[in-house]
Amino acid sequence: MIVLQNISRIFQVGDQQVYGLNDINLTINKGEYVSVMGASGSGKSTLLNILGLLDTPSLGHYHLLNHDTTRVSEPERDRLRREHIGFVFQSYHLVPRLTARENIELPLVLAGAPRAQRKAACDALLERLSLTDRAGHLPNQLSGGQRQRVAIARALITQPQLLLADEPTGNLDSHSGSEVITLLEALHQEGITLLVVTHDKSLGDRAERHLEMLDGRIVVDTRRSRRAASLA
Amino acid sequence: MNLLDRLEFCQQAITRHRFRSAMLMLSVVIGICAVIILTSLGEGARQYVLDEFRQLGSNVLIVLPGRKETSGGLPSFHGESARDLTLADAEALERLSGVIKTAPLIAGLTEWSFESRHRESFTIGTSQVFFRIRQLNVQRGIPLPSIEVGEAQAVCVLGSKLKQELFGAQPALGEWVRAAGTRYRVIGILEDKGQAMGMDMSDAVLIPVASSQKLFNQEGLFRVFVEARPGSDIEDLKRRIEHLMRDRHQGDLDVTVITQDSIMGAFNKIFDILTYALMAIASISLLVSGILIMNVTLISISQRTEEIGLLKALGASRREIRLIFVTEALLITLVAALVGLVMAYVLLAAGRYQWPQIPFQAPLWAVWSALAVAVVSATLFSWLPASKASRLDPVSALTQTQARK
Ligand SMILES: Nc1ncnc2c1ncn2[C@@H]1O[C@H](COP(=O)(O)OP(=O)(O)O)[C@@H](O)[C@H]1O
Ligand SMILES: [Mg+2]
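One line per chain: the protein sequences are A and B, in this order.
If you number the first sequence the way numbering that gives the first Met the number 0 does, the last residue is 231 and the count never jumps.
If you number the second sequence the way numbering that gives the first Met the number 0 does, the last residue is 404 and the count never jumps.
No lab work stands behind these hints: they were computed from the structure.
Check the hints yourself; a few may be wrong.
[As the list claims (entries may be wrong)] Listed below are the simulated DMTMM-like cross-link pairs for lysine to aspartate or glutamate, each with C-alpha atoms no more than 20 Å apart in a straight line: (1) B:K100 / B:E114; (2) A:K200 / A:D172; (3) B:K160 / B:D202; (4) A:K118 / B:E226; (5) B:K387 / A:E73; (6) A:K118 / B:E7; (7) A:K200 / A:E166; (8) A:K118 / A:E82; (9) B:K387 / A:D54.
[To be verified] Covered stretches of chain B (in silico footprint by chain A; criterion: 3 or more residues with CB under 8 Å from a CB of chain A, positions within the stretch not fixed): (10) 0-11; (11) 298-309; (12) 313-326.
[Claimed, not checked] Label-pair ranges, simulated between beta-carbon atoms: (13) A:Q140 / B:F18: 18 to 28 Å; (14) B:A371 / A:Q140: 35 to 45 Å; (15) B:V287 / A:N24: 50 to 60 Å; (16) B:A21 / A:V17: 41 to 51 Å; (17) B:F18 / A:T26: 27 to 37 Å; (18) B:Y275 / A:S57: 50 to 60 Å; (19) B:Q10 / A:K29: 35 to 45 Å; (20) B:R390 / A:N24: 24 to 34 Å; (21) A:A115 / B:Q10: 12 to 22 Å; (22) A:A38 / B:I283: 51 to 61 Å; (23) A:D132 / B:A21: 24 to 34 Å; (24) B:R390 / A:A115: 29 to 39 Å; (25) A:N24 / B:A371: 51 to 61 Å; (26) B:R390 / A:V17: 21 to 31 Å.
Computed from a predicted structure; not experimentally measured.
Every residue gets a Cβ at the ideal spot worked out from N, C-alpha and C, and that includes glycine.
Only chain B is shown next, with the shape it has when bound in the complex (with noise of 0.2 Å):
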């Protein structure tokens, strides 16, 4: 049989058996389906944490009061109430060589109000600074005012979605908010951006950190973010800030300093345990589909018992029928895996257009092992059933089914 024919005579095999070819072909769409969301799944999610990252910039540190990571040593005297982390010590940050600027935070849910409109909404507490270094813009009006940490004003910026919550189509620039008892000027709507670092800063409002250290009623800062100037070490900043902060909090290190790349490495060996354990998981269902092409060749072959022994009455060797049977399995495989792999692209561009925000992508390695195992499994799966059917005996075959009529 020449191969052309061979694969004639599958096709015909496969197109005119619908039900078998489909139930055959829905396992390894499924199969391979599986394999691509759930590595996408995977993907997208690091992606999506490690864009909100690299937002950040590279030359931006954070300090966050508290160890957070054990570095040997004895555990800090001070345990869990260790030293505020101060505007003063945002200021000190700031006079390092290297720094050009700092912008301290703090954060808390406050109810705002408009007339009688109310919300529950996220508060930030910090300087202009953190505009630049976070790329906020406004859309209307100004960012935060450049006045000295120090100097409280009852101004705010609002998040677009507070802003149409609050006041609608209404202009809401020059109004006046409150938020416990004290009213803010509206000076700036922030552009509508989504997410940064998981928060939404839509949904924000952000006012000058002293007016937010009397708003919570609290010295203590949630973070400094120091912005390096560009090419600078950052390892060795960190080091500095370390030792600078060691000194202002008598000699114990009571903050944490966090880089993009510290943090971007954790996350990555997180992503990667997340993306291999979600690849087991997929390789799982090809495996099962593997063996239901296996079922579903061995159920074809007992079905064709009598086409078996009728072929090698009609001189078909041993190697032919195992032929035959791979090349059937394979091909619909095959049509089967681009099948899924449309479908699976499909999902994902649905994902996209449904979750803009966080990039699902199939990665490449997926969407060829899947491939590949794909294959390998029905070849594997079909040639045992195949092997088999070419061992029948003819005689058998035939009469077996003259018996069963």
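Next comes chain A alone, as it looks inside the complex (with noise of 0.2 Å):
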């Protein structure tokens, strides 16, 4: 599903070149539950952001899908992002105007999907999320485990293959945090694919494949059997 052949991103800081990723190599398969874990600045948001077409590589490959996004045009990879990537973030990026179910609807709004359509996926995530008496809530108006909870479900509402999620619980208690990651695992289990940021290594070590890197390099890579992450 996603394969990355010597993929390179390089930042240019005053006359100093930085490498955010050096020479990546990285094959990941449909289903797979990876986290990445690593210290701060070692490059983790720098992947996901490419791997999520929000930032294109200096160097190398990033097949998608069996696309290469390296050379397709600008609104190809703006399609691929909305139709196959679902993204979540540590301080969650919900439109502060916007109501919960308004920013759940937000990438089939812009999709143009019809209003039907958009309000029954809607009203399904809701329920599923429990966040159906938080519909008309703004995001000031709900928890830090709410909002998180509207982001995934503004992620899950054009039903991505690869869920990118970049420090989820960063912001959130443990509590809240935990249910986040049950609820991304029970997304896992239901066949997506997904990918956890995380500095927590016991929410690190709850995947099946665990990735740690350090200035720009992935450093280990390391599978588990299914028996024993389910063990965790």
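Combine both chains into one complex, guided by the hints.
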């Protein structure tokens, strides 16, 4: 599903070149659950942004679902992102003036989906994430955990195959955090490909596959059997 | 994003950011109001003046003493002390073919009194014909008597306001009023008609021209109104009048003949310039509101960097982002323009109520061009910041706001 070949992302800081990512090779199969850990500044977000087509690599090739994303046009990349990728951010990034429902529907609105379809999809997600009674609330009327659930609902509404979460529990207390992780894992059980960046080792260890980053490189890549993972 | 959803999205952005939207609307409302009010002032003044001259009637010519325009040739030998325009001249003019009647006119300020009340009033010495030419009517009594122009008679017709001031509710007809030691019998009261050609007749006193010559101790006429037969060639008559006057004044053309056309032409030119000047001022205010639109859009965009990054992360294209911001600016401008339009019309209606004699009226071209300029400047001035926003890179747009938090 995802193939990264010799991917580097070089930032120009003044007259210095900073390697956000340094010659990354990585293959992720459909349905995998991958956690990414590493010190701050090791390149985790940069990796996720490139996987999510929010950023383009300076060098190398990125194949997503058999499209060479480094070669297609910008509108095509917008379309791939819209149709296949869901993104969850540490700081939620909800539009403050829009209600929970309007925030969740936003990707479908941008995609031009008809109203009835939007409402049905949104209702189902609100129900599933127990947000139904919060549908008409603005983000600042919601708790952190609720906000992140709204953000996850927004990421899910397009039924993406790939869900990318950059420190989704970073701003949450441990209770809301584990709720969010349980939710993400349930989604993974249903077949979504899941990548989670986290600082929390206990959360990271729950994934089937574990990546460790350092200075823009992947230094550890371990897999565990499904059984071991489910025991954790 | 389909059109309806985009409109809704923009409408939410407008109505849920009240202060910002209000600022933006205010600038457009002011711009539109300025254009419409200013051009209406110009048009109102023009119409007012033209109506005044139209009251004169297209078959009336005015003869003034002195040469008002340089017609080439040497300046008059007599200079300022041009020959008087006399009653005999007025009578001679009346004998020209194509002329029905002439009305002489002498004017000045005099103090009029009744019992212990005194009023300084505009006093007009003329004849009955003047009433017809200027469409003056009496509400009570009779106009000036139809007597030979050379004949003085101690009678007067009072303007309605002056009558009120001197007599109050008391009847005035048949009473005697005085001016400069002479008594005049009140034979008529003018209809309440307001202004005519800049003279407020409600404040005036009309007396026979020969009486006014005595009152002002002056032979020369202020002007002579010439009433031409309807349908006659006014330009030709004007030449014949000039010819006659030159003959009567020893070969010197020392009078000016004014026709309605010539006055209206001259005033039209002046008012065109005035209207264009007002329009230019108004356009500047529209341009300023355009620049305000740009600033507010820029502020709006910098406040919404996170949102733009997010929209991009959710798959919005550059074109979409640009469309969203331009639509927003257009939507708000259209609403504000309508508000401005309504406000301008309300103000104009108030103006007409306050000053009924001036026909304040927004010219249609001004309304349309105000709307067009508003819409064009909204598009143009929101396009630039919108394009800038559409080029934002989603990662830095999102992290920039993260860093700020
Ligand atoms: N926009 C940028 N400009 C310059 N340097 C950047 C930029 N984004 C990231 N970097 C650098 O790239 C490296 C990796 O950053 P990041 O992926 O955000 O790390 P992490 O998410 O693991 O904390 C860091 O050294 C960071 O300073
Ligand atoms: Mg990070």
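Hints, verified against the model:
Distance hint between B:K100 and B:E114 is unfulfilled; the C-alpha atoms sit about 38 Å from each other, more than 20 Å. Taking the CA atoms of A:K200 and A:D172, the gap is near 15 Å; set against the 20 Å cutoff, the hint holds. With a C-alpha separation of about 6 Å, the suggested pair B:K160 and B:D202 falls inside the 20 Å cut-off, and the hint holds. Proximity of A:K118 to B:E226 is assessed by CA-CA distance (about 81 Å); at most 20 Å being required, the pair is judged violated.
Of the supplied pair hints, the one linking B:K387 and A:E73 holds, its CA atoms being roughly 17 Å apart against a limit of 20 Å. For the hint pairing A:K118 with B:E7, the CA-to-CA distance comes to about 15 Å; that is within 20 Å, so the pair holds. For the hint linking A:K200 to A:E166, the alpha-carbon distance of about 12 Å falls within 20 Å, and the restraint holds. The straight-line distance between the Cα atoms of A:K118 and A:E82 is roughly 18 Å, inside the 20 Å bound, and the hint therefore holds.
Of the supplied pair hints, the one linking B:K387 and A:D54 holds, its CA atoms being roughly 18 Å apart against a limit of 20 Å. Residue count for the segment 0-11 of chain B with a Cβ under 8 Å from a Cβ of chain A: 5. That meets the three needed, and the coverage hint holds. Counting residues of the segment 298-309 of chain B whose CB lies closer than 8 Å to any CB of chain A gives 4, which reaches the minimum of 3, so the coverage claim holds. Taking a C-beta to C-beta cut-off of 8 Å, the segment 313-326 of chain B contributes 6 residues in contact with chain A, enough for the three needed, and the coverage statement holds.
A hinted range of 18 to 28 Å for the beta carbons of A:Q140 and B:F18 is consistent with their spacing of about 20 Å. Distance hint for B:A371 and A:Q140: a CB-CB separation of about 43 Å, consistent with the stated range 35 to 45 Å. Restraint check, B:V287 to A:N24: a C-beta distance of roughly 58 Å satisfies the suggested window 50 to 60 Å. Distance hint check for B:A21 and A:V17: the Cβ-Cβ separation is about 44 Å, which falls inside the suggested range of 41 to 51 Å.
Taking the beta carbon of each, B:F18 and A:T26 are about 51 Å apart, not inside 27 to 37 Å as hinted. At roughly 59 Å, the beta carbons of B:Y275 and A:S57 sit within the given window of 50 to 60 Å. Restraint check, B:Q10 to A:K29: a C-beta distance of roughly 41 Å satisfies the suggested window 35 to 45 Å. For B:R390 and A:N24, the hinted distance range of 24 to 34 Å is satisfied, since their beta carbons lie about 31 Å from each other.
The hint said 12 to 22 Å for the Cβ distance between A:A115 and B:Q10, and at roughly 20 Å that hint holds. At about 59 Å, the CB distance of A:A38 to B:I283 agrees with the hint of 51 to 61 Å. Hint check: A:D132 to B:A21, Cβ distance near 33 Å, so the stated range 24 to 34 Å holds. Separation of B:R390 from A:A115 is about 35 Å and conforms to the stated range, judged on CB atoms against 29 to 39 Å.
At about 59 Å, the CB distance of A:N24 to B:A371 agrees with the hint of 51 to 61 Å. Range check, B:R390 to A:V17: about 23 Å between beta-carbon atoms, so the 21 to 31 Å window is met.
Of the numbered hints listed earlier, those contradicted by the structure are 1, 4 and 17.
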